[in-house]
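Undergrad: Single-letter residue listing:
There are 2 protein chains.
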Amino acid sequence: MPKKKSLPEIVAHVAQALPALGASSGQIRNQVLLGLAELLERSQKEILEANQADVKEAKKNKLAEALIDRLALSEARMTQLVAGLRETAALPDPLGAIEDFKTLPSGLMVGRLRIPLGLIAFICEARPGAVAEAAAMALKSGNAIIVKPGKEVLKTAQVLSPLFAEALESAGLPGQAATVLPDLSHEGLKELLSLSDRLDLVIPRGGENLIRFVDEHSKVPVLKHFKGVCHLYVDEGADHQMALDLTVNAKVNRPGTCNALECLLVHRQEAPKFLPLVGAALVAQGVKIASSAESMPYLPGATKAKPDDFGREFLGPKLAVKTVDNLDEALAHIRQYGSRHTEAIVTKDQKRALTFLKNVDAGCVLVNASTRLNDGGCLGLGAEIGISTTKLHAYGPMGLKELTTTKFVVSGDGHLRN
Amino acid sequence: MPKKKSLPEIVAHVAQALPALGASSGQIRNQVLLGLAELLERSQKEILEANQADVKEAKKNKLAEALIDRLALSEARMTQLVAGLRETAALPDPLGAIEDFKTLPSGLMVGRLRIPLGLIAFICEARPGAVAEAAAMALKSGNAIIVKPGKEVLKTAQVLSPLFAEALESAGLPGQAATVLPDLSHEGLKELLSLSDRLDLVIPRGGENLIRFVDEHSKVPVLKHFKGVCHLYVDEGADHQMALDLTVNAKVNRPGTCNALECLLVHRQEAPKFLPLVGAALVAQGVKIASSAESMPYLPGATKAKPDDFGREFLGPKLAVKTVDNLDEALAHIRQYGSRHTEAIVTKDQKRALTFLKNVDAGCVLVNASTRLNDGGCLGLGAEIGISTTKLHAYGPMGLKELTTTKFVVSGDGHLRN
Numbered sequence: 001m002p003k004k005k006s007l008p009e010i011v012a013h014v015a016q017a018l019p020a021l022g023a024s025s026g027q028i029r030n031q032v033l034l035g036l037a038e039l040l041e042r043s044q045k046e047i048l049e050a051n052q053a054d055v056k057e058a059k060k061n062k063l064a065e066a067l068i069d070r071l072a073l074s075e076a077r078m079t080q081l082v083a084g085l086r087e088t089a090a091l092p093d094p095l096g097a098i099e100d101f102k103t104l105p106s107g108l109m110v111g112r113l114r115i116p117l118g119l120i121a122f123i124c125e126a127r128p129g130a131v132a133e134a135a136a137m138a139l140k141s142g143n144a145i146i147v148k149p150g151k152e153v154l155k156t157a158q159v160l161s162p163l164f165a166e167a168l169e170s171a172g173l174p175g176q177a178a179t180v181l182p183d184l185s186h187e188g189l190k191e192l193l194s195l196s197d198r199l200d201l202v203i204p205r206g207g208e209n210l211i212r213f214v215d216e217h218s219k220v221p222v223l224k225h226f227k228g229v230c231h232l233y234v235d236e237g238a239d240h241q242m243a244l245d246l247t248v249n250a251k252v253n254r255p256g257t258c259n260a261l262e263c264l265l266v267h268r269q270e271a272p273k274f275l276p277l278v279g280a281a282l283v284a285q286g287v288k289i290a291s292s293a294e295s296m297p298y299l300p301g302a303t304k305a306k307p308d309d310f311g312r313e314f315l316g317p318k319l320a321v322k323t324v325d326n327l328d329e330a331l332a333h334i335r336q337y338g339s340r341h342t343e344a345i346v347t348k349d350q351k352r353a354l355t356f357l358k359n360v361d362a363g364c365v366l367v368n369a370s371t372r373l374n375d376g377g378c379l380g381l382g383a384e385i386g387i388s389t390t391k392l393h394a395y396g397p398m399g400l401k402e403l404t405t406t407k408f409v410v411s412g413d414g415h416l417r418n
Numbered sequence: 001m002p003k004k005k006s007l008p009e010i011v012a013h014v015a016q017a018l019p020a021l022g023a024s025s026g027q028i029r030n031q032v033l034l035g036l037a038e039l040l041e042r043s044q045k046e047i048l049e050a051n052q053a054d055v056k057e058a059k060k061n062k063l064a065e066a067l068i069d070r071l072a073l074s075e076a077r078m079t080q081l082v083a084g085l086r087e088t089a090a091l092p093d094p095l096g097a098i099e100d101f102k103t104l105p106s107g108l109m110v111g112r113l114r115i116p117l118g119l120i121a122f123i124c125e126a127r128p129g130a131v132a133e134a135a136a137m138a139l140k141s142g143n144a145i146i147v148k149p150g151k152e153v154l155k156t157a158q159v160l161s162p163l164f165a166e167a168l169e170s171a172g173l174p175g176q177a178a179t180v181l182p183d184l185s186h187e188g189l190k191e192l193l194s195l196s197d198r199l200d201l202v203i204p205r206g207g208e209n210l211i212r213f214v215d216e217h218s219k220v221p222v223l224k225h226f227k228g229v230c231h232l233y234v235d236e237g238a239d240h241q242m243a244l245d246l247t248v249n250a251k252v253n254r255p256g257t258c259n260a261l262e263c264l265l266v267h268r269q270e271a272p273k274f275l276p277l278v279g280a281a282l283v284a285q286g287v288k289i290a291s292s293a294e295s296m297p298y299l300p301g302a303t304k305a306k307p308d309d310f311g312r313e314f315l316g317p318k319l320a321v322k323t324v325d326n327l328d329e330a331l332a333h334i335r336q337y338g339s340r341h342t343e344a345i346v347t348k349d350q351k352r353a354l355t356f357l358k359n360v361d362a363g364c365v366l367v368n369a370s371t372r373l374n375d376g377g378c379l380g381l382g383a384e385i386g387i388s389t390t391k392l393h394a395y396g397p398m399g400l401k402e403l404t405t406t407k408f409v410v411s412g413d414g415h416l417r418n
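Quick note, the sequences are listed as chains A and B, same order.
For what it's worth, the numbering used here labels the leading residue of the first sequence as 1, then goes sequentially.
For what it's worth, the numbering used here labels the leading residue of the second sequence as 1, then goes sequentially.
Honestly, the hints are just simulated from the structure, not real lab data.
Heads up, some of the hints might be wrong.
Intra- or inter-copy, both count: the list cannot distinguish identical chains.
[What the hints assert, rightly or not] Below are the BS3-like pairs computed for lysine-lysine, each with C-alpha atoms no more than 25 angstroms apart in a straight line:
1) Lys-102 to Lys-358
2) Lys-62 to Lys-5
3) Lys-401 to Lys-4
4) Lys-348 to Lys-102
5) Lys-102 to Lys-151
6) Lys-102 to Lys-351
7) Lys-190 to Lys-219
8) Lys-401 to Lys-358
Here the structure is a predicted model, which means the values were calculated and not measured.
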């Protein structure tokens with residue numbers, strides 16, 4: 001029986017796939033994604049069975065509802081996943097273009113060649129779909145990927161793993177270019193995160209604890225968001241029906257996600273009429289309200305907000321509500337409690353809309369649109385591998401372009417430095 | 001007497017300048033740079049005196065020649081520095097443009113607004129000019145900057161510091177937006193690097209030890225290169241005169257810099273004629289040669305290279321030379337010993353030039369041009385704050401654009417997520 005490979009050996013083995021990936025055409029890389037889509041369809045029964053075992057285990061371990069919602073696959077979600085892979089395959093090749101090309105006065109020709117980042121480690125918790133999507137996006141953009149699935153999703157991920165290899169090999173590429181690791185201990189994960197000579201990027205997807213752990217121990221650059229504490233500010237003179245629809249959609253469409261609404265800020269002027277309206281609609285949807293003292297009279301059934309209800313990611317059917325004097329107070333609240341993730345305003349006033357867009361420091365700032373739309377698909381990126389709340393490299397949703405970089409390519413005729 | 005501020009207090013104070021900087025027009029920010037240029041001219045005598053004291057101290061402490069070369073200002077370098085600030089002021093405003101704007105089929109309007117990164121910490125060793133250039137580039141791009149100068153350059157930096165404040169205040173901006181710290185102990189530097197809630201980016205500039213220290217201890221994203229181990233490959237059939245000129249320029253133009261040549265790779269076919277030519281020219285320039293066994297017969301006066309002469313940054317008048325069988329061997333050598341900084345080929349063959357450009361993994365890859373040209377100014381960026389050898393956010397020389405990021409701005413008409 002062959003000796004079990006060490007983690008650095010596995011990572012080195014995956015890295016060996018990089019030259020072949022880098023040299024491959026966009027067509028070949030698309031073939032991998034289309035092959036994977038077909039394999040997922042063909043193996044749907046097996047995948048759903050493994051996933052049901054994961055869900056059963058999660059329920060036994062009393063995981064939060066929101067986590068189980070993230071974990072569970074269904075035939076409908078599988079169909080969506082497969083369609084997503086085909087859409088990603090159909091997107092333009094993110095590699096090979098020369099950008100900002102110019103001939104300088106010296107005659108030197110300079111451009112930036114779009115290239116893959118290299119080897120990406122994707123560390124996730126409960127999202128089995130994200131494992132396949134991340135692998136597809138990494139491969140489409142010429143990167144190799146190592147997936148470290150959470151134990152919650154281990155059985156599902158283990159069924160996916162050989163499908164990656166099969167899709168790659170069918171296209172003539174090294175099967176190890178997308179490798180799923182077994183469940184790692186904390187020490188194993190730390191070892192993975194220390195391999196800065198091999199890994200070019202780490203993307204963690206999951207709860208705040210996982211992400212803080214990765215961020216704290218990684219010697220490799222990390223793109224991440226800790227949490228999404230998203231606000232909607234209902235401006236003076238805003239359309240109440242639009243504000244109501246946006247609030248309900250942002251809160252209840254899928255409360256376990258990072259772009260779900262956590263705090264509603266309402267201009268004092270609008271509170272007496274708008275709050276009873278939105279309060280009733282939210283209660284009807286089973287949402288609990290934690291209200292600031294001043295909003296309480298307009299929100300029957302609300303409980304008084306504790307200080308830590310602001311700046312909190314409820315990950316479930318609960319919403320903090322606060323009345324503010326004006327846009328400035330809303331901006332100050334968001335500056336203090338926001339998480340640089342997603343912030344929105346509903347307003348009819350063009351000037352205040354622009355002030356909000358300009359002054360709010362977040363990866364995605366929206367006017368008259370649901371916070372739930374901060375998603376690579378909804379914003380036209382075609383696909384998304386995560387949302388970044390740090391400003392380096394990517395800020396906001398990350399698509400294929402964010403999995404690439406450029407190098408300077410220069411051509412001269414014996415040019416020297418003076 | 002007021003209590004001395006703690007490091008977090010100083011950093012928080014600098015961060016308070018961010019909203020005013022973010023809201024300022026490009027014209028106002030240019031005014032800061034032009035004011036600073038004028039103040040540098042007016043204070044030239046004082047600056048040069050402080051610098052001479054730094055140089056005297058450095059000589060007393062027996063710093064390496066290359067470091068003293070980096071440290072020393074002269075009237076000529078001051079003139080160059082001031083001209084550089086005015087050129088930077090004249091560059092287009094890197095902020096405020098909306099990129100990739102599109103109206104999606106849903107009617108949602110999406111764009112990416114170019115914004116500053118925020119608060120940058122610039123940690124440097126021996127370059128006084130770089131302190132002024134970094135401050136100018138940070139302010140031009142709407143960022144605040146904290147400079148931690150090395151003790152080698154402390155006296156010079158302390159003369160520059162009040163000039164930054166004066167230039168900012170004259171333009172109506174907060175004077176603390178560019179703050180020079182006093183010399184910090186290692187513990188103090190570690191404390192600075194831990195302030196990830198306040199700092200958005202750390203840029204270290206200096207020797208490999210400094211950069212490794214910063215990289216190891218920083219909780220803030222770091223853009224850096226450890227060292228520049230730059231190669232020039234002389235291809236089969238290359239023009240010998242061009243190859244000679246490029247080699248000599250890349251090695252002797254300024255050997256203490258990161259884009260200076262450290263290793264010459266010569267195709268076996270060209271070795272018998274080219275090596276004696278280049279050997280004589282280098283010896284005439286006082287360059288010592290560490291040669292592979294096979295090149296030795298063609299390089300009178302060369303010493304035999306030790307294994308660690310390859311992959312080494314000499315930072316002085318020494319060059320490693322090696323004969324290779326073909327382009328593949330050159331590529332393999334660069335893969336093993338290069339530092340992802342600057343790599344060059346001299347060739348007449350278009351196909352091999354493209355193979356080299358495509359396959360070499362470095363921030364800047366050049367054909368028929370000196371490695372010394374890997375510099376923001378020479379490559380048309382207008383100004384440079386450093387060179388990155390990591391692929392995240394920036395790869396290669398970093399100009400004004402690399403000190404900015406984008407956020408998604410979205411405008412809808414009550415758009416919801418399905």
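Undergrad: Look at each hint and say if it fits the structure.
TA: Outcome of the hint check:
1. Lys-102 to Lys-358: Classified as between: cross-chain Cα gap 18 angstroms, same-chain 32 angstroms, threshold 25 angstroms.
2. Lys-62 to Lys-5: neither (34 angstroms within a copy, 49 angstroms between copies)
3. Lys-401 to Lys-4: Classified as neither: same-chain Cα gap 36 angstroms, cross-chain 46 angstroms, threshold 25 angstroms.
4. Lys-348 to Lys-102: between (44 angstroms within a copy, 21 angstroms between copies)
5. Lys-102 to Lys-151: Close neither inside one copy (50 angstroms) nor across copies (40 angstroms); limit 25 angstroms.
6. Lys-102 to Lys-351: between (38 angstroms within a copy, 21 angstroms between copies)
7. Lys-190 to Lys-219: Both ways: Lys-190 and Lys-219 sit 9 angstroms apart in one copy and 16 angstroms across, limit 25 angstroms.
8. Lys-401 to Lys-358: Close inside one copy (24 angstroms) and across copies (18 angstroms); limit 25 angstroms.
When held up to the earlier numbered hints, the structure conflicts with 2, 3 and 5 and fits the remainder.
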